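K.L.:
Residues per chain are reported as follows:
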Amino acid sequence: MNSGTVHWTRKDLLGLRELSVEEINLVLETADAFKQVGTREVKKVPALQGKTLINLFIEPSTRTRTSFELAAKRLSADIVNISAAASSLTKGETLKDTARVLEANHADIIVLRHSSAGAPQFLASRIASSVINAGDGAHEHPTQGLLDLYTIREKKGTVAGLHVAIIGDILFSRVARSNIFALLKMGARVTLVGPSTLVPREFEQLGVAVSHNLEEVLPTVDVVNLLRIQHERQRKEYFPGLGEYIRLFGLTKARARLLRPDCLIMHPGPINRGVELDSELADGAQSVILDQVTNGLAVRMAVLYLCGGIATR
Amino acid sequence: MSKTRPTNESDAVRIFDAETMQRALRRIAHEIIERNRDLSALVLVGIPARGVELARRIATDIEAIEKVNVATGVIDVSMHRDDIGTRAALPVVKVSQLPLPLDRRTVVIVDDVLFTGRTCRAAMDAISSFGRPACIQLAALVDRGHRELPIRPDFVGKNLPTARAERVRVRLENIDHEPDGVWLLKPEKNE
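These protein sequences, in sequence, are chains A and B.
Under the working numbering, the first residue of the first sequence carries the number 78, and numbering increases by one thereafter.
Under the working numbering, the first residue of the second sequence carries the number 2, and numbering increases by one thereafter.
So that you can see chain A by itself, here it is in the shape it has in the complex (with noise of 0.2 Å):
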């Protein structure tokens, strides 16, 4: 714990490739003590007050946009939420008129989600707000990696060393991307897998394995990392069809066997049961999704705390 030394001078989290070893280990340790808040009389600490924070979801979530408006409340900030549907967006609005009014209107903290890689970078660099990405694209999801990150560190007790592997849609991921980057940084090895369609070999030019066959991989990992099938963004010509998915990268239950007994199953949600994963091992005593959603609101208050609580004017 020598992270004392260690200063956080970001104002904005926008993906996990750009962060040092030391700016990880300082969101997991303070995520450490934002996850015992939860566990307090009063669940609130005062850290943000005063603080007006924005979720500005141009695509729709509710699971994330939920743990970011949580996190903001437990940490005491004002928070509005907009969608899209919402949002003058519709009317024509550029992003960046958007963020601007917002912006006027006294917004410490933007929590930008959307469609296109790289929105939160161009607002970033045009706003004197603190803007955290909920996820751009199919380009990283920042704090979805820092909390699969932490939930391997808290079950496992380190990340170094360990191999994970990531399952299913990879290419349109950008959990994915996020989960490599960090995975990589702190030192565990990781095989990506699934058809190759879903998973092409230029993955390997980041330094992870790749594989097409998911019961050559289950037998040598500690974790499982599956992604969902993103119905919505894909189109015929990826995987003939969910049948044929299950059939050969589904973890089934006779799958799950070949798994170690200690190895983690992790998921992002929301869960096709029955379609990456069967439904009994997603509640089964190898699965830390539910642990996954707990560290999801410390993770996100501590990147709250560390790029909000960075004087931005």
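By construction, these hints were calculated from the structure, which means they are not laboratory data.
These numbers were taken from a predicted model, which means no experiment stands behind them.
Cβ atoms here follow ideal geometry from the backbone N, Cα and C, with glycine treated the same way.
Do not rely on the hints blindly, as some may be mistaken.
Calculated pairs, SDA-like style, for lysine to any residue (alpha carbon to alpha carbon, straight line, at most 25 Å) [said to hold, decoys possible]:
{"hint": "1", "chain 1": "A", "residue 1": "Lys120", "chain 2": "B", "residue 2": "Gln23"}
{"hint": "2", "chain 1": "A", "residue 1": "Lys120", "chain 2": "B", "residue 2": "Met125"}
{"hint": "3", "chain 1": "A", "residue 1": "Lys120", "chain 2": "B", "residue 2": "Lys68"}
{"hint": "4", "chain 1": "A", "residue 1": "Lys150", "chain 2": "B", "residue 2": "Gly132"}
{"hint": "5", "chain 1": "A", "residue 1": "Lys150", "chain 2": "B", "residue 2": "Asp84"}
{"hint": "6", "chain 1": "A", "residue 1": "Lys233", "chain 2": "B", "residue 2": "Gln23"}
{"hint": "7", "chain 1": "A", "residue 1": "Lys121", "chain 2": "B", "residue 2": "Val96"}
{"hint": "8", "chain 1": "A", "residue 1": "Lys121", "chain 2": "B", "residue 2": "Gln23"}
{"hint": "9", "chain 1": "A", "residue 1": "Lys168", "chain 2": "B", "residue 2": "Val75"}
{"hint": "10", "chain 1": "A", "residue 1": "Lys112", "chain 2": "B", "residue 2": "Val75"}
{"hint": "11", "chain 1": "A", "residue 1": "Lys120", "chain 2": "B", "residue 2": "Cys136"}
{"hint": "12", "chain 1": "A", "residue 1": "Lys121", "chain 2": "B", "residue 2": "Lys68"}
{"hint": "13", "chain 1": "A", "residue 1": "Lys112", "chain 2": "B", "residue 2": "Leu150"}
{"hint": "14", "chain 1": "B", "residue 1": "Lys68", "chain 2": "B", "residue 2": "Gln23"}
{"hint": "15", "chain 1": "A", "residue 1": "Lys233", "chain 2": "A", "residue 2": "Lys121"}
{"hint": "16", "chain 1": "A", "residue 1": "Lys120", "chain 2": "B", "residue 2": "Asp84"}
{"hint": "17", "chain 1": "A", "residue 1": "Lys112", "chain 2": "B", "residue 2": "Pro100"}
{"hint": "18", "chain 1": "A", "residue 1": "Lys112", "chain 2": "B", "residue 2": "Pro151"}
{"hint": "19", "chain 1": "A", "residue 1": "Lys150", "chain 2": "B", "residue 2": "Val96"}
{"hint": "20", "chain 1": "A", "residue 1": "Lys120", "chain 2": "B", "residue 2": "Ala135"}
{"hint": "21", "chain 1": "A", "residue 1": "Lys120", "chain 2": "B", "residue 2": "Ser130"}
{"hint": "22", "chain 1": "A", "residue 1": "Lys112", "chain 2": "B", "residue 2": "Ala72"}
{"hint": "23", "chain 1": "A", "residue 1": "Lys120", "chain 2": "B", "residue 2": "Arg119"}
{"hint": "24", "chain 1": "A", "residue 1": "Lys150", "chain 2": "B", "residue 2": "Leu185"}
Distance windows between CB atoms, simulated [what the hints assert, rightly or not]:
{"hint": "25", "chain 1": "B", "residue 1": "Asp84", "chain 2": "A", "residue 2": "Arg278", "range": "23 to 31 Å"}
{"hint": "26", "chain 1": "A", "residue 1": "Asn182", "chain 2": "B", "residue 2": "His147", "range": "36 to 44 Å"}
{"hint": "27", "chain 1": "B", "residue 1": "Ile152", "chain 2": "A", "residue 2": "Leu367", "range": "41 to 49 Å"}
{"hint": "28", "chain 1": "A", "residue 1": "Glu281", "chain 2": "B", "residue 2": "Ala166", "range": "55 to 63 Å"}
With chain A fixed as given, assemble chain B onto it according to the hints.
P.N.:
Showing chain B alone in chain A's frame:
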């Protein structure tokens, strides 16, 4: 309480060395015993990082004097501070550790230097979020004055009149890897 500059500055006045600090802490231990008849209800709660070490030392002294176990704890104040966003560097948040429930407990907050009182206020707020202790008391190794809030210590190692621009430096061997000591530092001329 600057953390960067060396302790051997020519204009540093030594307030405590290892031995006088130990005596002051032992006296605080005696005073805590005198004030609190039920030592089993006591918990010495340190403010990170040096307050935690001081709480541990005082607890050890009380245990040696009275042959009883004394509970200790840690209270993080960084998320309860009122100056977040106005400081250049954010305080690093630590996990608090308190024996729960607090209802019948007497909590003694332990810190190295008592100055404006704002840290103590933050500590009281933080403690309140865990429960409602029967009583909260305050122990400080050095009280340097300049309070900005209506807070006064119950147990003091040394009352040290200071000018506002002066600094008080505390070093504890287990934390700083330097010999125990307290110094008063005059403001630099260019300040």
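K.L.:
Check whether the Cα positions of B:Lys68 and B:Gln23 lie no farther apart than 25 Å.
P.N.:
holds (19 Å)
K.L.:
Tell me if the straight-line CA distance from A:Lys120 to B:Asp84 falls inside 25 Å.
P.N.:
Distance ~21 Å between A:Lys120 and B:Asp84 Cα, so the pair holds.
K.L.:
Run the distance test for A:Lys112 versus B:Pro100: straight-line Cα separation, threshold 25 Å.
P.N.:
Between A:Lys112 and B:Pro100 the Cα gap is close to 17 Å, so the pair holds against 25 Å.
K.L.:
Given the hint that A:Lys112 pairs with B:Ala72, does the C-alpha gap stay at or below 25 Å?
P.N.:
The hint holds at about 23 Å.
K.L.:
Is A:Lys150 close enough to B:Asp84, meaning Cα to Cα at most 25 Å?
P.N.:
holds (19 Å)
K.L.:
Decide if the proposed pair is consistent with the structure: A:Lys120 and B:Lys68, CA atoms, cutoff 25 Å inclusive.
P.N.:
violated (37 Å)
K.L.:
Hinted pair, alpha-carbon criterion (25 Å max): A:Lys233, A:Lys121. Please report holds or violated.
P.N.:
Violated - the C-alpha atoms of A:Lys121 and A:Lys233 are around 28 Å apart, more than 25 Å.
K.L.:
Need the status of pair A:Lys120, B:Cys136: alpha-carbon distance at most 25 Å?
P.N.:
holds (22 Å)
K.L.:
Checking one constraint from the list: CA of A:Lys120 to CA of B:Ser130, max 25 Å. Satisfied?
P.N.:
Answer holds: A:Lys120 to B:Ser130 is near 7 Å, not above 25 Å.
K.L.:
Hinted pair, alpha-carbon criterion (25 Å max): A:Lys121, B:Val96. Please report holds or violated.
P.N.:
holds (15 Å)
K.L.:
With a cut-off of 25 Å on the C-alpha distance, tell me whether A:Lys120 and B:Arg119 pass.
P.N.:
Holds: A:Lys120 and B:Arg119 sit about 22 Å apart, inside 25 Å.
K.L.:
For the hint 36 to 44 Å, verify it against the beta carbon of A:Asn182 and that of B:His147.
P.N.:
holds (38 Å)
Of the numbered hints stated above, those contradicted by the structure are hints 1, 3, 6, 8, 9, 12, 13, 15, 18, 24, 25, listed in ascending order.
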